[in-house]
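Go ahead and model the full structure; you've got the sequences and the hints to work with.
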Amino acid sequence: MLVMNMVQALNTALREEMRRDPRVVVLGEDVGRRGGVFLVTEGLIDEFGEERVIDTPLTEMGIVGVAIGMAMYGLRPVAEIQFIDFVYEAFDQIVSNAAKIRYRTGGMYSVPLVIRGPCCGGVKGGMHHSQSPEAYFGHTAGLITVMPSGPYDAKGLLKSAIRAEDPVIFLEPKSIYRIIREEVPEDDYTVPLGEGKIVREGSDVTLVTWGAMVHLSLEAAKLAAEKHGWSVEVIDLRTIFPFDKDLVIESLEKTERLVIVHEAPKSFGPGAEISAYIAENAIELLRSPIARVTGFDTPFPLAHEKYYMPNIARIYMALRKVMEY
Amino acid sequence: MLVMNMVQALNTALREEMRRDPRVVVLGEDVGRRGGVFLVTEGLIDEFGEERVIDTPLTEMGIVGVAIGMAMYGLRPVAEIQFIDFVYEAFDQIVSNAAKIRYRTGGMYSVPLVIRGPCCGGVKGGMHHSQSPEAYFGHTAGLITVMPSGPYDAKGLLKSAIRAEDPVIFLEPKSIYRIIREEVPEDDYTVPLGEGKIVREGSDVTLVTWGAMVHLSLEAAKLAAEKHGWSVEVIDLRTIFPFDKDLVIESLEKTERLVIVHEAPKSFGPGAEISAYIAENAIELLRSPIARVTGFDTPFPLAHEKYYMPNIARIYMALRKVMEY
Amino acid sequence: MSGLGIDRALGFYRVIDEEGRVVGEEPDIPSATLIDMYTYMVRARILDEWLLKLQRMGKVAIHAPNRGQEAAAVGASMALRREDWLFPSYRELGALLVRGMSEEEILDRALYNADDPLKGSDFAIYGHRKYNTIPAPVPVGNQIPHAVGAAMAAKIMGHDTVVMTFFGDGATSRGDFHAGLNFAGVFKAPVVFVIQNNMWAISVPLSRQTKAPTLAIKGVAYGVPGIRVDGNDVVAVYRVAVEAVNRARSGEGPTLIEARTYRLGPHTTADDPSRYRSEEEVKKYEKYEPIRRFRRYLIDRGLLDEEKDKELWEKWGEHTRKAIERSLEKPPLPVEVILEDVYSEPPWNLREQLRELRESIRVMKELGLEVE
Amino acid sequence: MSGLGIDRALGFYRVIDEEGRVVGEEPDIPSATLIDMYTYMVRARILDEWLLKLQRMGKVAIHAPNRGQEAAAVGASMALRREDWLFPSYRELGALLVRGMSEEEILDRALYNADDPLKGSDFAIYGHRKYNTIPAPVPVGNQIPHAVGAAMAAKIMGHDTVVMTFFGDGATSRGDFHAGLNFAGVFKAPVVFVIQNNMWAISVPLSRQTKAPTLAIKGVAYGVPGIRVDGNDVVAVYRVAVEAVNRARSGEGPTLIEARTYRLGPHTTADDPSRYRSEEEVKKYEKYEPIRRFRRYLIDRGLLDEEKDKELWEKWGEHTRKAIERSLEKPPLPVEVILEDVYSEPPWNLREQLRELRESIRVMKELGLEVE
Ligand SMILES: Cc1ncc(C[n+]2csc(CCOP(=O)(O)OP(=O)(O)O)c2C)c(N)n1
Ligand SMILES: Cc1ncc(C[n+]2csc(CCOP(=O)(O)OP(=O)(O)O)c2C)c(N)n1
Ligand SMILES: [Mg+2]
Ligand SMILES: [Mg+2]
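One line per chain: the protein sequences are A, B, C and D, in this order.
Quick note on my numbering: the first sequence kicks off at 1 and runs consecutively.
Quick note on my numbering: the second sequence kicks off at 1001 and runs consecutively.
Quick note on my numbering: the third sequence kicks off at 2001 and runs consecutively.
Quick note on my numbering: the fourth sequence kicks off at 3001 and runs consecutively.
It is worth saying that the hints were derived from the structure and are not from the lab.
It cannot be assumed that every hint is accurate.
Claimed, not checked - In the SDA-like style, the derived pairs of lysine to any residue whose C-alpha atoms are separated by at most 20 Å in a straight line are:
| id | chain 1 | residue 1 | chain 2 | residue 2 |
| --- | --- | --- | --- | --- |
| 1 | A | 306 | D | 3365 |
| 2 | C | 2188 | D | 3206 |
| 3 | A | 306 | D | 3366 |
| 4 | B | 1306 | C | 2114 |
| 5 | D | 3155 | B | 1215 |
| 6 | B | 1124 | C | 2059 |
| 7 | B | 1124 | C | 2114 |
| 8 | A | 306 | D | 3364 |
| 9 | C | 2130 | A | 22 |
| 10 | A | 197 | A | 222 |
Since the model is a prediction, treat every value here as computed from it, not as a measurement.
Laid out in structure tokens, this is it:
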């Protein structure tokens, strides 16, 4: 098995899927010779040529709109948004079309499209290179929204996304593109969409999170264990919608306490749904409030991003709140 | 006092504000001679001329993008989106600019802009003439999102929106444009942003809702009272974000039960935030799950919309769930 | 300069004038094709009028009248092969018929009865996979990049499919138009863009939509040849479309056709055009109405006479009435369709919501509430 | 045809060639203005090089080098009056200086220290209300409709303000460009669009951006006159911009200027251009570099000599170094700024979150966690 970082794992997934299935094409700004600004598509143009690795004009609306037409016709496009913060020009095409074409056509047409791009903060990217927009997509019926937290999942989830019959928004936390290295099997494997994963077992409190926050949450869990002996179960949701509600509920049956950690702003954020789902369907399990640790309700700042994003202190505060309730 | 419907109330608010403040201009598709497809801007072009009542080319991105520049320069534009379902082409301009310009410029520039348009279902409008997108806006820091449920509030809230120093998304439930008539003062009054209103007092369960669902919820409350003697307190939130959390909490202190009703799809929907806020800050008040009655997680259908939208049966089911828990 | 194709983009190509007289050379189109064109236009007109009536009767949610624009829809779409793909807008009944949809199929859709292939998802949109005709998105212009993407895909897959898309003058202002045309130019996509320039976008006249001298000239901004044609002259539209389809099929790339026409009716059944345009203007354009003028041409050429014409109208009138009867008799869609086709497989949230829907129907009955 | 202005949109207007020789008639621009132009370009170059160094030193988050593009930014913005509004992009240091920003103000911003007027909100953007120069949105092209809206507002309010906006060749593909140009054309907005066509959008060459023969010709699609100019010839850019600003101010509407230039450096400090373009290409364009050629012209005209030139570079080099020293010494922004300026007044959620932020700082200390 090779040890890879997430960029390499994603690159491998694309390469393998493009070899396996001639319908898979990649398109976006700078995905060709440049290999993408983070090099996720590096080298693909050499192997698959300009017809399947397509440098596009600078319009996200065009990239997604055209990719939708490609998918309807029979290709399996993977559209790169250079930074996911720029996806909003394509929002109409995503919400009004990618998400709705199957429904609109009574199931006659589908849009097997992956829209992928780097998301989230932690690299001093400022307000337009740091966003976590998963709540917008989670609220859009017809989409599947995914965010891996490491190389192994990244490869397996991207393969599932490419093979899915429905549009998938694939968010890649850029702050961990290169710093987490893992063994990644060279053979073909997939990680199923819709399944979360317990990344640390625990019995006192369930911490639900995803993306780069998984690693921070694990650190906070360790700290809580060391300092107070609290046993924190950390769930990496992986698929943000439809999320693995059973895994969360099973965990809560044991822990009876819930903390949700995400980078996106708090209000109307992705954590709200997880909280509301539990408050609607399993409130009897809870013995304390559901705490959220999130980005603040502001644009993502360049200055002091470590204070803006969830950090260990803030996660610790939330754990303390639910444990000492 | 005159008795008016909501269209007339909105028209009056625009007219009065345009008379009061020469900086107020109206722009959008068909807002001039046509008076808007629902006649909300009827007659304004006759009084204020083509310079202040501006028929635009067919691009929501352009309407909002240009209106932002107008607002930065010193006007108070009111941009009409013909149906709010078409706002998504403007999403980049709204999320990346209207909402962020104050922050981006360290407070040097602001965007006193109102984006208004008909929303929501109930008129057999199908998937692109029926949507309730308030969650997208609620999740966008920098915006204020409003939805009135009747003529009086419509006039007062629109005036507040026009006078606000921040961008306001003003959603008008088109199914009640003409069917609800109320006394509307002829003088200048405003309804403050951020304040909800108890529209029916009760002691057993708090029902939080807004827009056209207020009226349906009142019917359901009546039914519940008649059938079971349950006393349902109905709160019309009016401002969806920042919502009147104090009013909700005060009500829950009395009722200890919460039902949220909205037309928007459920998952990651606006009700999730209200639920999550309570589960985080006032869970001890609750004696039963927080129930949500919402649009289903699908595009808005043309067929059978009465079953898609919350209806009395579904609200009743939720009340029963929390009362019989 | 001619490399930019500016002359044709500023011109106004016509073959048959408003009196039915040939301008320039006689069209070398087989008589049967000419009669087909006429027949499709007649069928479209009959159906259009019925949809208006059905809307007034409350059977159809909304209808966007085609009156006056039949030539553009029929002429352009007749240039396609069956395997080609069409992305229409919402005002091309004629094109749907050309593609092979029957009146009944269109009516099942308009009435969203149990046979509606789109399962009641939206109003005023039509199409079917078996005719490679894609139901339009209602947001104006959304289909333009889809058409380009489909054309690019066909090229990548080595098919010789050509893709055509229709849209209105208003749609040229949308970002989708800009993105679609630009991609088509850059990637030489085998796609034909047909603007139905009917002079109005609801109440917004062309002069408020753009200051460009024509819409066809917009192709210059994308390296896409533009051709302006009399959109009420079915033969002119057909010829230009054949040329564009051939260009596309032979790998020479996209063409932008501006079919200059006029919407004689209201924007939709919900519109009141007297608010924004004069009766005189409409009267003026009535004289360019495409069916009458083409009929005159066919009669002058001896391909049709008053008698045959009357029979044609009667035949398709009867055909359409019968289709309506059948469509009206069909049962409504089952309620549960509203939860179908969101994903290839319903995830847990939709399964939960299906239970909620079923329960709500039971409770409605229990409460004695009106069921639709 | 000349009504469409096609000749100038396809042309390539220049006054001074790459050897510093006058092409056509001698510019009738006051000597002091010419020296100002040169000085701004020199200052921009010095600052640009320092920002690169500061980025490498880890003091500046990212920098988009201006090298090779100074003439377009300086020449165009010098056509504005102080009361006019400028919406720059992220590659116009020269224009910021022309507008009156000092090196120190720009550096405070780049270093986001306590004096940063944008309070650390984003990187690589500059501007200040007191100079009517609006900090750019990072999403490419977003500012284009803002500029048009501001120009429309000025017109509505009866001001004779002209608005100018800069953007790149890549930006012409965005919906914002389409919407902005179209509105400007329809409403005759007093706005001047300046495309810095530097031939690349990161790694995407112009030929992949559009198949239009030039970018200026895109104006035809909007009824906006387009002018193509040698963007490395500061005098040519200035003259064309003066003409456009005058047109705008006198109510004749917008102009689209394509300043054809070349980005000699990487896209940003995060880019590696060797992946997508050859050294030879860059070398070829080095010879069109705008400062050297303008210097040669000024020396030939006797407005400058080697000695004075050296002094100029030294003076502004020293000026800039001092500004850097001062900027680097300033304290960082207080942490709480991250919660400011979201609304005119913070609503309850931000007040709650401010408490959370303060508490988190306390807890960090309590836990002995590293504080930034
Ligand atoms: C994005 C969007 N905005 C607004 C509308 C509402 N609307 C429906 S049709 C129409 C005018 C379209 O004009 P045009 O493109 O010229 O087509 P026509 O109706 O004249 O055939 C408008 C504004 C819409 N459907 N989509
Ligand atoms: C909407 C959007 N998409 C992508 C990017 C990432 N990006 C930053 S600059 C750039 C290229 C811009 O090219 P151009 O407009 O020619 O300006 P230049 O950098 O050459 O000055 C890209 C793709 C962005 N900032 N905004
Ligand atoms: Mg039209
Ligand atoms: Mg460029």
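Now for the hints, and whether the structure bears them out:
1. A:306 x D:3365: 14 Å, holds
2. C:2188 x D:3206: Holds, because 15 Å separates the two Cα atoms, which is no more than 20 Å.
3. A:306 x D:3366: With Cα atoms ~17 Å apart, residue 306 (chain A) and residue 3366 (chain D) stay inside 20 Å; holds.
4. B:1306 x C:2114: 18 Å, holds
5. D:3155 x B:1215: Violated - the C-alpha atoms of residue 1215 (chain B) and residue 3155 (chain D) are around 45 Å apart, more than 20 Å.
6. B:1124 x C:2059: Roughly 12 Å between the alpha carbons, so the hint for residue 1124 (chain B) and residue 2059 (chain C) holds.
7. B:1124 x C:2114: 17 Å, holds
8. A:306 x D:3364: 11 Å, holds
9. C:2130 x A:22: Not satisfied, since the Cα-Cα distance of roughly 24 Å exceeds 20 Å.
10. A:197 x A:222: 18 Å, holds
In this structure, the earlier hints numbered 5 and 9 are contradicted, and the remaining ones agree with it.
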